[in-house]
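Student: Sequence:
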Amino acid sequence: MGYHHLAVDDIEPTPDRPSVQRSISDAAGLENAAVNVYEVAPGEDIPLAYHYHDNQEELFYVLSGTLAVETPEQTYEVGEDEAFVVEPDSPQRAHNPESATESVRTLVVGAPAVDDVHPYDPE
25 MGYHHLAVDD
35 IEPTPDRPSV
45 QRSISDAAGL
55 ENAAVNVYEV
65 APGEDIPLAY
75 HYHDNQEELF
85 YVLSGTLAVE
95 TPEQTYEVGE
105 DEAFVVEPDS
115 PQRAHNPESA
125 TESVRTLVVG
135 APAVDDVHPY
145 DPE
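Counting from 25, one number per residue, gives the positions in the sequence shown under the numbering used here.
Derived by calculation from the structure, the hints in this document are not laboratory data. Treat the hints loosely; a few may be bogus.
As the list claims (entries may be wrong) - Pairwise CB distance ranges (calculated):
hint	residue 1	residue 2	range
1	H29	E147	43 to 53 Å
2	E36	L87	15 to 25 Å
3	G53	Q98	31 to 41 Å
4	G67	Q98	34 to 44 Å
5	E122	H29	29 to 39 Å
6	S127	Y27	22 to 32 Å
In this text, a Cβ means the ideal position worked out from N, Cα and C, and glycines have one as well.
Start from the sequences, fold in the hints, and give me the full structure.
Tutor: What follows is the structure, given as structure tokens:
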């Protein structure tokens, strides 16, 4: 058996991201799920690009603020203590709009932890 007790704010942010990403899964050595906490200032994105996954499911749980999730059909506003789930093959871009007045803090879980991301061009 193995256990990990982590202080999320003590996890070093992942470099070269459009917002602050703290990888709980990397810190704990998880292999089956990607678990991250994001701190997203107004005008910042969570992903590196508008994208979709072949097999990975994603769950966004908003801890504070309001997260915008753009899809081909509409943009959803996900508030504090709300969750947004993205199934495989479903394009999305999670972000905090430039017009926002506060940062967003969100827990994001992706499973399985696979690198199956593809860019999506909404044009």
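Student: Tell me if the beta carbons of E122 and H29 are separated by a distance inside 29 to 39 Å.
Tutor: Distance hint for E122, H29 holds at roughly 37 Å.
Student: Determine whether the Cβ-Cβ distance between G67 and Q98 falls within the hinted range of 34 to 44 Å.
Tutor: Roughly 20 Å apart at Cβ, these two residues miss the hinted range, so it is violated.
Student: With 22 to 32 Å as the target window, see if S127 and Y27 comply at their CB atoms.
Tutor: At 31 Å between Cβs, range holds.
Student: Taking 15 to 25 Å as the hint, is the beta-carbon distance of E36 and L87 inside that range?
Tutor: holds, 19 Å
Student: Cβ-Cβ distance between G53 and Q98: within 31 to 41 Å?
Tutor: holds, 38 Å
Student: Hint says 43 to 53 Å; check whether the CB-CB distance for H29 and E147 agrees.
Tutor: At 46 Å between Cβs, range holds.
This entry does not satisfy hint 4, going by the numbered hints stated previously; all others are met.
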